[in-house]
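Top to bottom, those sequences are chains A and B. Per our numbering, residue 1 is the first one in the first sequence, and the count goes up by one each step. Per our numbering, residue 1 is the first one in the second sequence, and the count goes up by one each step.
Source of the hints: derived by calculation from the structure; they are not laboratory data. Incorrect hints may appear among the rest.
Reference listing, derived: stretches of chain B covered by chain A, where coverage requires no fewer than 3 residues with Cβ under 8 Å from a Cβ of chain A [as the list claims (entries may be wrong)]:
1) 291 to 302
2) 343 to 353
3) 391 to 405
We treat Cβ as the ideally placed atom computed from N, Cα and C, and that holds for glycine.
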Amino acid sequence: MRTAHKCGRVRATRSLPCCCVGCAAVALGWFILVAEEGPESEESHRTRSGSVAQLEAAAVRPVREPAAVSEGVLPRPQAEAAALKQEALAVAQQVAEAYPDDAFAYALLGSAAYNTGHSEQATKYLKRCLELNPNLAEAYAVLARIAYDKGNLEETVRLCKEGLRRGPPTADGLNRLGRALMDLGRTDEAIAALDQAVRLPRPESESHYLLGQALIQSGRYAQARESFLRAIELLPEHTQAFFGLYTACVRLGRTEEAAEARERFQKLEAIDRRSLTDRNVQQDTLTGLPLVRQTVARTLFGAAEVHSMHKESEKAATLLHRAASLDPDNLRYRSALEAHYVKQKALPAGVTVFEQLTAEQPSNSLNYLFLGRLQSRLQQFDAAERAYRKVQELAPEWAEGYRALAELLLRSDRRLAEAMALAKKAVDLEPTGSHYYLLAVLCLRNNDRSGALAAAKQAVARNPNEPQYRGFLERLETLPPP
Amino acid sequence: MNSRPLGTAPVLLWCFVAFTLTAAQPPARIQLRDITRETGITFVHTDGSSGRHYIVETVCCGLATFDYDGDGDIDIYFLNGAPLPGARMSPAPKNALYRNDGNWKFTDVTDQAGVGDTGYALGVCVGDYDNDGDQDIYLNNFGPNVLYRNNGDGTFTDVTQAAGVANGDQVGAGACFLDMDNDGDLDLYVGNYVAFTFAKHQTRFVSGHPAYVGPMAYGPVPDTLYRNNGDGTFTDVSRESGVAAHAGTAMGMICADYDGDGDTDIIVGNDAMANFVWQNDGTGRFVEVGMLTGLAYDANGIGMGTMGVECGDFDNDGRLDFYMTSYQKQWAILYRNLGRGLFEDATHVTGAGAGTYNHVTWGAALVDFDQDGDRDLFIACGHLQDTVDLWDDTTSYEASDLLLENTGNGKFQDISALAGDGLALKRSSRGAAFDDLDNDGDIDVVILNSRRGPTVLRNDSPPGNHWLKVRLRGTRSNRDGVGARITVIAGDLTLVDEVHSGRGYQSHYGMVPHFGLGHRTRVDLVEVRWPGGRNDVLRNIMPDRLLEVTEGTSRP
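All chains, full assembly: derive it from the sequences and hints.
So this is what it looks like as structure tokens:
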């Protein structure tokens, strides 16, 4: 299941939280990313997206030895893919060698090995990682995944439980545990694990879905039906949840509801299959190169994080730059790159890097956005404005280009009426609390008190716990009439 | 006819096997021994490849075990690929027929029999389509198909054109003979895989390594159904029967009365999409009811990469259950028959998927290898991506096959590591066939391995349990009783089976159904329900024998 971003990017809904500007990279986020997502495997040519297992089936299995490269027979994209894999492994190995007592370095190497199809080596590195830090729950998650790939369910269960024991319960860990227990036919234990998953603060649709499956397996069809309905409520296009609902309703004799669920399932399934077919005929999928680049970029990002932890910021910056080059749609890498130059107080160097990226990827709006942000920090307002206008040109349906320029004009106290119009445009495209707040501020600066009040109310309505919005609204409401 | 005395050699062999196995792990009750070298079989399979990765290479091919010369023992017919563009092979590969000479010796009689088709074979079924008392062969090829009529003298004649069953120039899959309208002659269902032509050929790369594309790169196609006109010719009734209404990616298939209503239905495994269940209205008109039955998807609503389709009553409740093999990172699925035409995915509660997740699985069968009264599972394994070892070490191109023992309480246990040297071999298996090759009463195994010679496994399980084999002779029904249902009652044990033509992974075997009886020394009743509903009932049968039942000779 996928959602489109207005900037033209697409992300899997079950990956990280939003990767838009402003979302901080969580600790070890790269580790999860590297291990959980990767270039699409060849399995996807035969399976459709859907359940956790299916998503897992679409994990990467890239290269071991680029034998054909040395023979000079690979077409260019394949040669590049093979070389990129070697690059990722080499970088991960360098990090592990540089910081032999760093668990994260071994976690990175293990994840990189796993993503290149070397599960045996990955296991070795991840075990080393756990020797260094036995509480690194994420390492257990990857080991559990490797065990599941091999069909070793008992080991999967053991590793999942160990990971959950070492860290806070996560939906992902509990889902994987529940799935493995179900596959072992240990239904009651599966239900217990998945019941815990759906009681987490922000339960996932997938947890409800899997709980429904476990309940079906135990013959508790009425409860299963409830779980599938909840899964659908959270993810209205959960194809497999409709299948589960159909099954539960058939068993319960709810004929009409079963027919409805079946119809919905068949429609969604046809869409899934069409999408798979479409992807299969795309040359990019056939070469796998874009996905390989993304996976390699994740590894480089992880290596950069490890370098940063060891204060090797220049090495980190080099790797972040490379990761951003490889994955043109990734905001996180650019955000980290920007943060590096800000922290190092090396804004001109940052501008140079993003100028290089814009030259490499002239149609990529993200690079212009970050270029503008750095130029703005340097008070290079005209240059920043040019960059933001480029963002608008390249991604006219993405609010960020309008928001950034509106903010720039506000900050530089120029053309405030135009800034207000830009903020309105941002609100139209993405009616978020922050966009309404910016609009409210600009309305006020343009002496539109009622407009400011209306926008501020909208901002508070969307983010009632945001003190800045609430304080602004309160001040507006107490202002004397003009 | 094999003449190995019952009761002595197996005991000695069993002692030997037990002695050679480690003391720490007692041998399993089922022992399958690789005796390929002793058989004299020299056939080596080719998929016709030259590194260009045509999709048809991945699915090549099945095999057949049947008694072609009517001498009472089971012969073996191996399918073969043919050179694809870029490949040169001399002499041209061809299918091979091996005559069973007894004592586990086989002789290549391909040329004498005239069945050395050099087309690109994918699937096969065997049946007496002309009801003349011998078994004919239908080949489902990539390219024109072939019907070999058995002349009854050890030779065959290619009658494809006269019969009208060439099926154009498609990519074949499994095929089945069935009597869809209960008129006493065998009709023919022909699976078609994908809309592939050389002009549409695609390859792709996984991490820099060349790989095969999946079936959806070419798209599904409808299957073909031929009605037997009763005069040696067939008519394509795909459209009027309803079969042409749905396009699929057929692989293995089986014809069986899944809903117990007395007519033969068709269950087609599709690759990377929902399976088809063609429900017969009794007259040869079909409706696709896969989703309604529960056989179309796994429990998650995933259209599996189904490879082989097999049926058998694993829980002895009198209903045929289904087993479907599938792609890597999918479990092979056991569908439990709930009655009323409904099935549930019972894979995980029974353990029937054990060992299958990290392999591509192909031929499979529910066979009572140890004759203890319940059906065990044999599953042929091996990846179809010949470069997979270079980019995924959780699986392998060549893999050991799997043997799951039915523990009798509705569960299966993986005993592959303890079940003899036959399970230790690593090959990229495709079709598998299951028959009693030495007429000692237990079921042996023949496996077609891609790009390799075949594997022949002799069942050397310890003796002691009793058995019954039943051969049918139709008089009003088709000659071999294809579609007939047999019920065997021995004390507390009730077993059912049907006679099938074409099953598993694009293969054919088992036309003489076998029933393991355990310790039971008498069969109380054998009931045969012939296609069309007529019954024969025999009582008080001694076990450990081949029982021949001729239609109409033993009315209830």
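Going through the hints against the structure:
{"no.": "1", "hint": "291 to 302", "result": "holds (count 7)"}
{"no.": "2", "hint": "343 to 353", "result": "holds (count 5)"}
{"no.": "3", "hint": "391 to 405", "result": "holds (count 4)"}
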